[in-house]
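**Q** Which chain is which? The protein sequence lines are Y and D, in order. With our numbering applied, the first sequence corresponds to residues 8 to 68, in that order. With our numbering applied, the second sequence corresponds to residues 7 to 336, in that order.
These are calculated hints, taken from the structure and not from any lab test. None of the values given here were measured: they were computed from a predicted structure. Glycine residues also receive a C-beta, built at the ideal position from the N, C-alpha and C atoms. There's no promise every hint is true.
As the list claims (entries may be wrong) - In silico negatives: residues of chain D with every beta carbon more than 12 angstroms from chain Y: (1) 37; (2) 54; (3) 171; (4) 194; (5) 219; (6) 287.
As the list claims (entries may be wrong) - One-sided and incomplete, this derived list gives chain Y residues near chain D with beta-carbon spacing under 8 angstroms: (7) 49; (8) 57; (9) 61; (10) 63.
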Amino acid sequence: MTEFLKGNYELKVDIEEKKEDAEASATDEFERKALSRLGGSICFVSKKGFLWTGDGDAAQS
Amino acid sequence: MELGRRIASRLHDATFDRIAQVGLANAATHRPHIRRSVLELAKLPLGAGDAALVVAAGPSLHRRRSLERLAARGFPGTIVAVDSALAACLRNGVVPHVVVTVDPHDRIVRWFGEPALAAPSADDYFRRQEMDPVHAADEMAANRAVVALVDRDGPRLRVAAATSAAPSVVSRCRAAGMELFWWNPMYDDYERPDSVSRELHRENGLPCLNGGGNVGTASWVLAHAVLGKRRVGIIGMDFGYPPDTPYEKTQYYPELRDMLGERFGEAFVHFENPVLGEKWFTDPAYCWFRDVFLEMAREARCETFNCTEGGVLFGPEIKTVTLEEFLDHG
């Protein structure tokens, strides 16, 4: 949460991240790492054609 | 939605996480040595006519003896092979016009033969994989045979090498006398200002090819979008496993086991092949490759003929024919 919300003031109390949020975050991280072992050897970019040779060229097929 | 399909739906981002960092590092390593673009391949006389045959390395390549039949029948068009099918091609007297290599990981060099390999690998990848079964029987002897084949035919081969390819693969190709033609994998939307693909193209000037998740689909893209072929046949493009395959012998078994424990079997997705009437199955990665291929086939300016005679790749944009039908009329 702290990486997304920033203020220009100091709080007078400490706000701790909820345990459930921390666990969910850890689970997300685990899933992301696990999934990254299942991915392919090259990316797929949807709706971007087959070949891009630079600006000025439309994606070709 | 089935568990396998749910996992498959998340592999788009997972693939970027898996390969972008190492692929870009490999591109930086290769950059000083890049001489030719893959676009130059379109100007070379690589077979006659407007037909190409893409050779992938799925289990049907061996089950259906596709390469023996190809060698017996002959084919005047262009033959494009994935790296993992190269040795099988050469064993059967089929010298592809172009070999495609993409994967950024060093173990891929085995598909070209590792002259310095002194002992079987610690991991069982090559003994377990279904792409070239000879490695399962005797890993060391199989490697020696691949080294000899690739050394013999290397000077006749052109490699369409992604800049993501492992440096060990590129060194091996050069040592065997192969000619390298380079391209960038399309990593992301090149129209975004912070695009990795755009930055890579700015650095090395190479075209970016949309690879569809795997080297087989990338080879099919190369055949029609780079070489300009209008009728593209595919063999060994199963994206799945035959009915009698134990889960333990599938590509991503260790990863699924680690991820799902005893529930790993739920990740497999089952299909009935409508032509054969056989029940094949696929894992989340191959299921994603299948879905992507079908999406890409809808946009392609070529006719696609699946001559695999097995697997899970079928849909309205793909014609299913026997290999001989394609070779005779393709």
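**Q** Does each hint hold? Answer for all of them.
**A** Hint check:
1. 37: holds, 17 angstroms
2. 54: Holds: least Cβ distance 23 angstroms, greater than 12 angstroms.
3. 171: violated, 10 angstroms
4. 194: violated, 6 angstroms
5. 219: Not fine: 4 angstroms to the nearest Cβ puts residue 219 of chain D too close to chain Y.
6. 287: Fine: 16 angstroms to the nearest Cβ keeps residue 287 of chain D off the interface.
7. 49: holds, 3 angstroms
8. 57: holds, 4 angstroms
9. 61: holds, 6 angstroms
10. 63: violated, 12 angstroms
Comparing the model with each earlier hint shows violations of hints 3, 4, 5 and 10; every other hint is respected.
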